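A.B. asks: Chain residues, written in single-letter form:
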Amino acid sequence: MAARLGSVAAHRTEWVFRALVSAHVVAIVGQPVFAGAYLTGDYDSLRWHAVGADVVTSVGYLQLIAAIVVRFRLRRSGPLVATAAVVVAETVQYFAGLDGALWLHVPLGVMTVAALVVQFVVVWRQSLVREAVDA
Amino acid sequence: MPERDHGLTRRRVLGIGGALGLVATTGLSTAAALARRPSSTGAELRSAVPLPPPFQVPLPIPAVLPPVSTDGGVDRYVITQREAEAEILPGLRTPLWTYEGVFPGPTIESRRGRPVVVTHRNELPVPTVVHLHGGRTPAASDGYPTDLVLPARHATSHTGHGMHDPRAVVTEVTRDYAFPLDQRPTLLWYHDHRMDFTAPAIWRGLAGLHVVRDDAEDALGLPSGPRELPLVIADRAFAADGGLAYPSLDPTLSERPGVQDRYFAGVLGDVILVNGAPWPVHEVDAARYRLRLLNASNARHYELEAVTDDGRRLDLVQVGADQGLLAEPVAHRALPTAPAERYDVVIDFAGTRVGDRVRLVNRLGSGRARDVMAFRVARRAVDDSRVPRVLSTDLPTWRQADAVRVRDFSFRAGRTHGGHGWLVGGLPFDPARTDVTTGLGDVEVWRLVADVHHPVHLHLVGFRVLSRGGRPPLPHDAGLKDTLSLRPGEAAEIITRFDGYRGRYLFHCHNAEHEDLGMMANIEVV
Chain R
1 MAARLGSVAA HRTEWVFRAL VSAHVVAIVG QPVFAGAYLT GDYDSLRWHA VGADVVTSVG
61 YLQLIAAIVV RFRLRRSGPL VATAAVVVAE TVQYFAGLDG ALWLHVPLGV MTVAALVVQF
121 VVVWRQSLVR EAVDA
Chain H
1 MPERDHGLTR RRVLGIGGAL GLVATTGLST AAALARRPSS TGAELRSAVP LPPPFQVPLP
61 IPAVLPPVST DGGVDRYVIT QREAEAEILP GLRTPLWTYE GVFPGPTIES RRGRPVVVTH
121 RNELPVPTVV HLHGGRTPAA SDGYPTDLVL PARHATSHTG HGMHDPRAVV TEVTRDYAFP
181 LDQRPTLLWY HDHRMDFTAP AIWRGLAGLH VVRDDAEDAL GLPSGPRELP LVIADRAFAA
241 DGGLAYPSLD PTLSERPGVQ DRYFAGVLGD VILVNGAPWP VHEVDAARYR LRLLNASNAR
301 HYELEAVTDD GRRLDLVQVG ADQGLLAEPV AHRALPTAPA ERYDVVIDFA GTRVGDRVRL
361 VNRLGSGRAR DVMAFRVARR AVDDSRVPRV LSTDLPTWRQ ADAVRVRDFS FRAGRTHGGH
421 GWLVGGLPFD PARTDVTTGL GDVEVWRLVA DVHHPVHLHL VGFRVLSRGG RPPLPHDAGL
481 KDTLSLRPGE AAEIITRFDG YRGRYLFHCH NAEHEDLGMM ANIEVV
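Line by line, the protein sequences are chains R and H. Residues 1 to 135 (the numbering used here) are what the first sequence spells out, left to right. Residues 1 to 526 (the numbering used here) are what the second sequence spells out, left to right.
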């Protein structure tokens, strides 16, 4: 079966996905930090917030690719659905920030961080590789 | 079993997901519903009298003040500050504080480099201070907020503000303000700038125009004479007795500064006045007109658009900014203007038909505050005016590399001595503290960050906008400015050279309520 990959490959896929979710959490937590410093008048923090937005969004798209791989290699669609939702939110978030639509930017940002934290807990709490359960 | 996955049933996963989705949707919809879109800073005061329909009253043009003397190469003027009544809304008498009995005050016309001395006589019940906004003025005549002119009626009364300022120069009843006017031709405005009470004083009527011209500008061929219209746009609200409503904590404007808490972020009126008339209408030729726009509102922002009744938008071709002519014209479909900003624009009615109406509307306004004024095209006419492709070649060309220092300032709400207020760099205004010391001739880059709308104004100098939000400036940031409109969460970089005169000057937010509640700081040019 296609899903019955060698366990090494399955675990590698899972670890890549976990690493991306972890990097994503680290990157996104920096965003409110820079935003807060910026609003105290630290102008350079605006640039860091902008760089952070690029990094977060890019990691989000990498995570989306990894989630697609997880979907087909490990036959798990939960990670793909969750990642797709986060990536859509981040894309909206990016443009809301550029447009200065703070009514959307601030709450959506908080929700995106919360969603990623939940995803972080989920991917590390239990393995995505089914064989242990199914066997 | 597929339906039991890691101890969670599929039903439970869907339940948790659905609940979180519902919370997120509810949160974002609430944000969308509560948020002001477009964003605005301030609270609207509603008039207690019926408001007249728009576009009925003719547009008044503020009278030009004749000098009392032109001897010795100096134009001398005398202005009496006094209480007066005017019929602003039809059938109602409105008591005002005025310059020379009129609102807006009389216009002073001056020539570049020809000094003007204005003797102000204070017959109002409170101390006053006159500041010429945008003037390149020696510190002694710049209208520092504690340099009071004590009133004639109460010449011995206390100064009306709590802060002691050992450097204050207080005069009794009169004061001569001397303006060298060694600066680029532009539209300036004079207004009250008294410590703690600037906002209500301007609201009551203490504001007027001061034009600077020169031969080079006259030679451009821009529309002139009756086709040059000064437009002082200001919002007000009216009380049941016809007087101007304003939420002062102390209606005598002598003891306790500040406004009722609801208006902490700024006072917006529901009546839009242009040159002191509510939603006026002006008959025009089907030709080019030069509009000298001033937003003299305390807190209201406008995004002006000229629209014909059949929905066509006319371009507003900007030829000048706060500090005079642009290098080249910039065409706008809509022109944002913050309190104290000036825009010099040309509008061409040639494409309209006789009888057409062109409304000037505020895209940021709602209800009655959406309309500003209207033009009625009355006749076809010959037009020999023009808008040259090169307007000026004398704009400063400071580059970031020329700056000897870079400063960061935040403009935000915060704690002040007695409660909450508005802060610059984390501090409320203190006349005794020097916030910025700079050398005469120094070029500096300032990076400004705002929490809500803050129109930031520098006295003495003009500046250029280098960037906004880390990106290139907006089209209406062109030219030399003295007031920059920061929007919520926005930052900008500006560059300027502190030249002209040494002494103590100010920079502050020109939301007049913010200014009175602490959002002001000192510049010492040494």
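Honestly, I wouldn't trust all of these hints.
Here are the simulated distance ranges between beta carbons [stated by the list, open to error]:
| no. | chain 1 | residue 1 | chain 2 | residue 2 | range |
| --- | --- | --- | --- | --- | --- |
| 1 | H | E524 | R | D99 | 34 to 40 Å |
| 2 | R | F72 | H | V13 | 55 to 61 Å |
| 3 | R | D54 | H | P251 | 52 to 58 Å |
Some chain R residues close to chain H (C-beta under 8 Å, calculated; not the full set) [said to hold, decoys possible]:
| no. | residue |
| --- | --- |
| 4 | A37 |
| 5 | L39 |
| 6 | T40 |
| 7 | R47 |
| 8 | A50 |
| 9 | D99 |
| 10 | L104 |
| 11 | L108 |
Footprint (simulated), chain R over chain H, 3 or more residues, beta carbon under 8 Å [stated by the list, open to error]:
| no. | segment |
| --- | --- |
| 12 | 398 to 410 |
| 13 | 485 to 497 |
What the hints contain is simulated information worked out from the structure, not anything from laboratory work. It should be emphasised that the depicted structure is a prediction, and the values quoted were computed from it without experimental measurement. Ideal placement from N, C-alpha and C gives every residue a C-beta, glycine not left out.
A.B. asks: Taking the earlier hints as the rules, which of them does this structure contradict?
C.D. replies: Violated hints: 2, 4 and 9; rest satisfied.
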